[in-house]
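**Q** Read off the chains here:
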Amino acid sequence: MSAIENQIENVVDLILEDYRCGRDIDLMEISSQPDKDIIIEVIEKLRRLVFPGYFRDKTYRIYNAKHNLSVMIEDVMFNLSRQIAKVIKAEEPEEKAKALSLEFLRRIPQVRAMVQTDLQAAYDGDPAATGKAEVIFSYPGLFAITVYRLAHELYVLGVPMIPRIMTEYAHSITGIDIHPGATVGKYFFIDHGTGIGIGETTVIGENVKIYQGVTLGGLSTRGGQDLRGKRRHPTIEDNVTIYANATILGGETVIGRGCVIGSSAFITKSVPCCTTVTLKSQELQMKPHGNCQICPDTFEA
Amino acid sequence: MSAIENQIENVVDLILEDYRCGRDIDLMEISSQPDKDIIIEVIEKLRRLVFPGYFRDKTYRIYNAKHNLSVMIEDVMFNLSRQIAKVIKAEEPEEKAKALSLEFLRRIPQVRAMVQTDLQAAYDGDPAATGKAEVIFSYPGLFAITVYRLAHELYVLGVPMIPRIMTEYAHSITGIDIHPGATVGKYFFIDHGTGIGIGETTVIGENVKIYQGVTLGGLSTRGGQDLRGKRRHPTIEDNVTIYANATILGGETVIGRGCVIGSSAFITKSVPCCTTVTLKSQELQMKPHGNCQICPDTFEA
Amino acid sequence: MSAIENQIENVVDLILEDYRCGRDIDLMEISSQPDKDIIIEVIEKLRRLVFPGYFRDKTYRIYNAKHNLSVMIEDVMFNLSRQIAKVIKAEEPEEKAKALSLEFLRRIPQVRAMVQTDLQAAYDGDPAATGKAEVIFSYPGLFAITVYRLAHELYVLGVPMIPRIMTEYAHSITGIDIHPGATVGKYFFIDHGTGIGIGETTVIGENVKIYQGVTLGGLSTRGGQDLRGKRRHPTIEDNVTIYANATILGGETVIGRGCVIGSSAFITKSVPCCTTVTLKSQELQMKPHGNCQICPDTFEA
Chain A
1 MSAIENQIEN
11 VVDLILEDYR
21 CGRDIDLMEI
31 SSQPDKDIII
41 EVIEKLRRLV
51 FPGYFRDKTY
61 RIYNAKHNLS
71 VMIEDVMFNL
81 SRQIAKVIKA
91 EEPEEKAKAL
101 SLEFLRRIPQ
111 VRAMVQTDLQ
121 AAYDGDPAAT
131 GKAEVIFSYP
141 GLFAITVYRL
151 AHELYVLGVP
161 MIPRIMTEYA
171 HSITGIDIHP
181 GATVGKYFFI
191 DHGTGIGIGE
201 TTVIGENVKI
211 YQGVTLGGLS
221 TRGGQDLRGK
231 RRHPTIEDNV
241 TIYANATILG
251 GETVIGRGCV
261 IGSSAFITKS
271 VPCCTTVTLK
281 SQELQMKPHG
291 NCQICPDTFE
301 A
Chain X
1 MSAIENQIEN
11 VVDLILEDYR
21 CGRDIDLMEI
31 SSQPDKDIII
41 EVIEKLRRLV
51 FPGYFRDKTY
61 RIYNAKHNLS
71 VMIEDVMFNL
81 SRQIAKVIKA
91 EEPEEKAKAL
101 SLEFLRRIPQ
111 VRAMVQTDLQ
121 AAYDGDPAAT
131 GKAEVIFSYP
141 GLFAITVYRL
151 AHELYVLGVP
161 MIPRIMTEYA
171 HSITGIDIHP
181 GATVGKYFFI
191 DHGTGIGIGE
201 TTVIGENVKI
211 YQGVTLGGLS
221 TRGGQDLRGK
231 RRHPTIEDNV
241 TIYANATILG
251 GETVIGRGCV
261 IGSSAFITKS
271 VPCCTTVTLK
281 SQELQMKPHG
291 NCQICPDTFE
301 A
Chain U
1 MSAIENQIEN
11 VVDLILEDYR
21 CGRDIDLMEI
31 SSQPDKDIII
41 EVIEKLRRLV
51 FPGYFRDKTY
61 RIYNAKHNLS
71 VMIEDVMFNL
81 SRQIAKVIKA
91 EEPEEKAKAL
101 SLEFLRRIPQ
111 VRAMVQTDLQ
121 AAYDGDPAAT
131 GKAEVIFSYP
141 GLFAITVYRL
151 AHELYVLGVP
161 MIPRIMTEYA
171 HSITGIDIHP
181 GATVGKYFFI
191 DHGTGIGIGE
201 TTVIGENVKI
211 YQGVTLGGLS
221 TRGGQDLRGK
231 RRHPTIEDNV
241 TIYANATILG
251 GETVIGRGCV
261 IGSSAFITKS
271 VPCCTTVTLK
281 SQELQMKPHG
291 NCQICPDTFE
301 A
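Note that the protein sequences, when read in sequence, are chains A, X and U. Sequential numbering of the first sequence, starting at 1, is according to my numbering. Sequential numbering of the second sequence, starting at 1, is according to my numbering. Sequential numbering of the third sequence, starting at 1, is according to my numbering.
Only chain A is shown next, with the shape it has when bound in the complex:
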């Protein structure tokens, strides 16, 4: 054995030894865990079910729409059930997982009805949108909302872990983090979206518009695991607009319907309905540069 082979062998032993510490990260039984890649494939196939005319797939042909759809749904059913069976606690996890998957699939028409309203809201709300196809193909807000609406149904059915893997996949693509536990009404519009965080117990009404960097969060997370299951995030009523980087915190905070929350506002108390909240005009300091080199004629101070 050469010197280098020997040294690699030593590294292997070192790491194997390290796997024997019994910590959470030392788990070795891969088969007991869900498969993140499969879950992401499932969510991508579900997006195709939602928007059947906007995705090309090398595997499926379109000679017979029904046949294609059957193949796709059997595929989702098979893979989703297997992943659910790994994460639920039940006497017969496989039977239970199949029942949950079927119930989930039956809800797809309801999810599609919601997504159609979200698409309409995005098109109506953005002067830069040249058409609805552009929104479907390129708007990260609609992407994140679609994945959230699908994941939320699994969350409501009590499936652990998988809904969050789905919404975190959308988060990684869009920078928009909607916890699958949040409740969101129809005609939901997210513009730009990067940096948005919407917590687990948030409740959002209909026809709400949210811009990039908005946080709908908890007031403090010092309580850690003790706060689990408690209402920690705000309620946003119908027809509210929340501009970029506003922060709204707390489980008792209610933003009344029709409110407009200005950019960068920081809110931890309820706001009555039909109110515009803006930062009192921020005091800015304006200082001309003394020895400006690029526009010497403008300032001589």
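For the record, the hints were derived by calculation from the structure and aren't laboratory data. Quick caveat: nothing in here was measured; it's all calculated off a predicted structure. There's no promise every hint is true.
Intra- or inter-copy, both count: the list cannot distinguish identical chains.
To be verified - Below are the DSBU-like pairs computed for lysine-lysine, each with C-alpha atoms no more than 30 Å apart in a straight line:
| no. | residue 1 | residue 2 |
| --- | --- | --- |
| 1 | 36 | 66 |
| 2 | 230 | 36 |
| 3 | 230 | 269 |
| 4 | 287 | 230 |
| 5 | 45 | 66 |
| 6 | 96 | 132 |
With chain A held as given, fit chains X and U onto it using these hints.
**A** Showing chains X and U alone in chain A's frame:
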């Protein structure tokens, strides 16, 4: 047919039925729509054309640079034309699409000349940069700017939808959202970049530096589709620096040349040239903790 | 030759000509540059080494854990060494690269010991976490920290370019930008995370919690390359919590242990230990809408 097969069959029928509602999302003719995956492949190949020495490609060999380049350009030409043909309105869409693709390809040297200045600006501006190769390989700002500069040429040529799919691809990778309609001068530097949003009608001069979380946006989007085509986003003149999380809004807002805009400033009015704008020092409340456990000696209050 | 072929030929010549300008972007020798795709494959394999039970791999079987691990480590060793050899300056770059790779691999147990503390901190700190597996599978913070901890070891060993490519890969997935040069103690928790930027010379103690949009940055980057190697970013001592969108700047700024920094605070000076810093309650303007249409009964003003 087993019970489960029967139930799946029912789900298939349920969803097929749902596709017959005639809504936007019920479109089934995949062939009439552009193919997002192909458009992303095209933009990745265009990035290789911009930086020929920084991408390895399993498909192309480098024995003969000219031969390789020909194969690559024919590939881009073929795929881009086909996608353009699907989205333009023209009597002979395929002929028109070919002409547009050719015109676009002819502009690549101009795009490259701009990108070289952006690379220089990134290297000069960031003390953490160890070399220009590091910037090309790892800086999200240069990635987003390169994709924007390519997409912008298609936008200027009047191609709908495809430029936005390209810049939203870059947005998903980098968190930097530059609308292809924006106009940006040379030596443009974006640092970190996550959360930046630059609207469709923004005009940016030369030698401008922008940090993460900056919004160059519209004052209000209440007008929705009625505002389409109108100037809604600010003008940033030459040699301006805009620090993290500043927000500059409105189509009549002009930031004069040489200005420095401080972190988190919120600006909706024009600023004369050579001016430093900072938040009047934010009032902070500092409260020592009464019963601090970790440094008991420091505070006894 | 048809008209179109002729025109494509002209474009090829135009671009080839453009490659002869001798600028940085005109480099054509692909083989002298590292391969970003390979580096990303390496970091993904390293993540598998860190969490052996949470990744399925089609290539490796698990009949014999030691055999699998050997194959994986030889693979990482081979690919990482080849990439390092391209970026280091040494008399015998290949020998040096092998020695660096081996030294790096030997540090994996230390990295894993740190990551286990980060996992614990994420679970303890987030009431939405249903278990540690959920954190490993779906939390972007743990993803970014794991990649950072691995890349940091290569940075400390003096490997250029590659560590930054690794952390920028994590940045693109998570929106969290941790420079590999930063120093971070154990039990580090990042929640949500999108928009976080942590600069090259930042020093972070143990048990620190950071939320989305936080910048630990330089006061000014006007100095550009002249500032290279100088301390430009803050020190965060043990047990500090920094809430969303706070900005802490400057190489002489020290946030003392036990401090709590409130949302959106902007700090450029040191804060003594055990202090809570919050924005003096932001002045908000609240205006009921005069002619509200949606709740006509509520306001008549």
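**Q** Compare the structure with each hint and give your call.
**A** Outcome of the hint check:
| no. | hint | verdict |
| --- | --- | --- |
| 1 | 36 - 66 | both (29 Å within a copy, 24 Å between copies) |
| 2 | 230 - 36 | within (28 Å within a copy, 42 Å between copies) |
| 3 | 230 - 269 | within (18 Å within a copy, 37 Å between copies) |
| 4 | 287 - 230 | between (49 Å within a copy, 28 Å between copies) |
| 5 | 45 - 66 | within (16 Å within a copy, 36 Å between copies) |
| 6 | 96 - 132 | between (39 Å within a copy, 23 Å between copies) |
Of the numbered hints listed earlier, not one is contradicted by the structure.
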